[in-house]
Amino acid sequence: GDSVTQMEGPVTLSEEAFLTINCTYTATGYPSLFWYVQYPGEGLQLLLKATKADDKGSNKGFEATYRKETTSFHLEKGSVQVSDSAVYFCALSDPNFGNEKLTFGTGTRLTIIP
Amino acid sequence: GAGVSQSPSNKVTEKGKDVELRCDPISGHTALYWYRQRLGQGLEFLIYFQGNSAPDKSGLPSDRFSAERTGESVSTLTIQRTQQEDSAVYLCASSLDGALNTEAFFGQGTRLTVV
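Keeping their order, the protein sequence lines are chains L and E.
Reminder that position 75 of the first sequence reads as 72 in the numbering used here, one-by-one numbering, no gaps.
Reminder that position 14 of the second sequence reads as 27 in the numbering used here, one-by-one numbering, no gaps.
Source of the hints: derived by calculation from the structure; they are not laboratory data.
The structure displayed is predicted, hence computed values, not measured ones.
Check each hint, because a few of them may be wrong.
[As the list claims (entries may be wrong)] Straight-line alpha carbon distances no greater than 20 Å define the calculated SDA-like cross-link-like pairs of lysine to any residue that follow:
id: 1; chain 1: L; residue 1: 49; chain 2: L; residue 2: 65
id: 2; chain 1: E; residue 1: 24; chain 2: L; residue 2: 39
id: 3; chain 1: E; residue 1: 24; chain 2: L; residue 2: 38
id: 4; chain 1: L; residue 1: 74; chain 2: L; residue 2: 25
id: 5; chain 1: L; residue 1: 53; chain 2: E; residue 2: 28
id: 6; chain 1: E; residue 1: 70; chain 2: L; residue 2: 9
id: 7; chain 1: L; residue 1: 57; chain 2: E; residue 2: 118
id: 8; chain 1: L; residue 1: 74; chain 2: L; residue 2: 7
id: 9; chain 1: E; residue 1: 28; chain 2: E; residue 2: 116
id: 10; chain 1: L; residue 1: 74; chain 2: L; residue 2: 0
id: 11; chain 1: E; residue 1: 24; chain 2: L; residue 2: 56
id: 12; chain 1: E; residue 1: 70; chain 2: L; residue 2: -1
id: 13; chain 1: L; residue 1: 65; chain 2: L; residue 2: 50
id: 14; chain 1: L; residue 1: 53; chain 2: L; residue 2: 109
id: 15; chain 1: L; residue 1: 53; chain 2: E; residue 2: 94
id: 16; chain 1: E; residue 1: 30; chain 2: E; residue 2: 118
id: 17; chain 1: L; residue 1: 49; chain 2: L; residue 2: 38
id: 18; chain 1: L; residue 1: 74; chain 2: L; residue 2: 64
id: 19; chain 1: L; residue 1: 49; chain 2: E; residue 2: 115
id: 20; chain 1: L; residue 1: 57; chain 2: E; residue 2: 115
id: 21; chain 1: L; residue 1: 49; chain 2: E; residue 2: 116
[Said to hold, decoys possible] If you want the ones that stay clear, here's a sample from chain E, every Cβ over 10 Å from chain L, calculated:
id: 22; residue: 23
id: 23; residue: 30
id: 24; residue: 41
id: 25; residue: 65
id: 26; residue: 79
id: 27; residue: 122
The C-beta atom is built at its ideal place from N, Cα and C for all residues, glycine as well.
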């Protein structure tokens, strides 16, 4: 079945550091890939997405590139801020299953210190 | 409403009791999802409603779990004879039409604790 494996946390970085959160996936077809973020006290919200190989999703300074050859969708940001502290979830949807279920990773808690 | 609303936000129940969790999706969203997140684990799919189609119940872990949705509005997730392993955060999400190029909007969840 489909699965998503992401970097275990927690991750603690200093402000302005470079961020990478690794995500790899297993799917039978050609999934769409997503990063969701959950800020403290809020619900999960979509951060960015990519729907086909080599697409790059970007939002709020975050980027992730859909790499079919390595089945990866790593999240990156060049200079993190305290306000980026949150839990980040990598997810996929696999159209070959004929439904719209999102399969999520376990989440990575990110803390940015001033 | 402005977003997906879930109630209650917290629920503590005794083992063996039934509980009912409620989700109010964003108005006009035809698709509604329930997920569960146990401590330290990822989000586990439970059930999916899309318009008037038969729901996808493939993620429900046992026959103690059931869910209903009235038209394209409120959904309730019912857990009968709760067990300690049911303790988790239960998340509801809705999206405009269910195609996953459409963004899913999540509620803040109901934290269920079975004692």
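Right, here's what the structure says about each hint:
no., hint, verdict
1, L/49 - L/65, "holds, 9 Å"
2, E/24 - L/39, "holds, 18 Å"
3, E/24 - L/38, "holds, 17 Å"
4, L/74 - L/25, "violated, 29 Å"
5, L/53 - E/28, "violated, 47 Å"
6, E/70 - L/9, "violated, 38 Å"
7, L/57 - E/118, "holds, 18 Å"
8, L/74 - L/7, "holds, 17 Å"
9, E/28 - E/116, "violated, 36 Å"
10, L/74 - L/0, "violated, 24 Å"
11, E/24 - L/56, "violated, 35 Å"
12, E/70 - L/-1, "holds, 17 Å"
13, L/65 - L/50, "holds, 6 Å"
14, L/53 - L/109, "violated, 24 Å"
15, L/53 - E/94, "violated, 46 Å"
16, E/30 - E/118, "violated, 30 Å"
17, L/49 - L/38, "violated, 32 Å"
18, L/74 - L/64, "holds, 17 Å"
19, L/49 - E/115, "holds, 15 Å"
20, L/57 - E/115, "holds, 19 Å"
21, L/49 - E/116, "holds, 16 Å"
22, 23, "holds, 13 Å"
23, 30, "holds, 27 Å"
24, 41, "holds, 17 Å"
25, 65, "holds, 16 Å"
26, 79, "holds, 18 Å"
27, 122, "violated, 7 Å"
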